[in-house]
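K.L.:
Sequence:
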Amino acid sequence: SPAVRAGEAVARWCERVVELAGPACVAVKPQLACFERLGAPGWSALERAVAAAKETGLLVLADGKRGDVPVSAAAYAQALMGETETPWGAVPGLGADAATVNGLLGRDALEPLIAQAEAAAAGLFVLVRTSNPGAADLLDLEAEGAPLHERIAALVAELAPRLRGAAGPSGMGAVVGATEPRHIARLRALMPEAIFLLPGVGAQGGAVAELGPAFGAGPASALVTASRSIAGADDPALAAERLRGEVWDVACRAGAAS
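Numbering (my numbering), first residue to last: 1435 to 1692.
Hints listed in this document are in silico derivations from the structure and should not be mistaken for laboratory results.
A few of these clues could be false.
As the list claims (entries may be wrong) - FRET-style restraints, in silico, Cβ to Cβ:
id, residue 1, residue 2, range
1, A1555, W1682, 17 to 27 Å
2, R1446, E1578, 25 to 35 Å
3, E1442, P1526, 17 to 27 Å
None of these values were measured; they are calculated from a predicted model.
No residue lacks a Cβ here, since even glycine has one placed at the ideal position from N, Cα and C.
Construct the complete structure from the given sequences, taking the supplied hints into account.
P.N.:
As structure tokens, then:
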């Protein structure tokens, strides 16, 4: 069927990109919708992509931006980072090391995801100020004297101790778009422990050179993501290595300045 053939092609393509670009990366960030739209063969392709990443020693960040009322949030948590008990035994989930989540439903909706992340030694990246132009429609609106994205940041900072790592940074992270670097310094001040996930570099126009404030808590305090500009490059290995070099230079300069 078309779905089976497409799923196989996607799986092979992902495995090849991981093989080529993986040595210059620390993680892969599969966009779940790109797999789910192919149905069951798409999920099988996703599992193969995850397996390839883990075999290469990379972390897996499941990019699904999940968010729902607590009972449904718990199911999302099981699917991404845990397992589901059934009368016939446990059914493992995706086995992701972290997941992007939507915090707009509030603290109780985040709680099942945080609890699962704690149990699995995994992390979460809460949408704080996203990279798309329309983010300003809502996330920049004033909410009791501050932009809404700063209110979300305050919640992330409050919850950070739940997923604090032994080395310092918290796995209670934040998605902060690289396309609006003017927000980064303020958000770093509000979320000193959070690891920042910085999408928008490359195809969306974000510039690595403007991301220094994100690394103010150390070189491990931010992850720069670039998808299309690496996966779609003629030489994904070279594209990934170049980006790695740019990011490391910015992170080191930020560390020296702090």
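K.L.:
If a hint holds in the structure, say so; if it doesn't, say that too.
P.N.:
Structure-based check of all given hints:
Between A1555 and W1682 the beta carbon distance is about 26 Å. The supplied range of 17 to 27 Å therefore holds. At about 51 Å, the CB distance of R1446 to E1578 disagrees with the hint of 25 to 35 Å. Between E1442 and P1526 the beta carbons are some 22 Å apart, a value that agrees with the proposed interval 17 to 27 Å.
The structure shown violates just one earlier hint, number 2.
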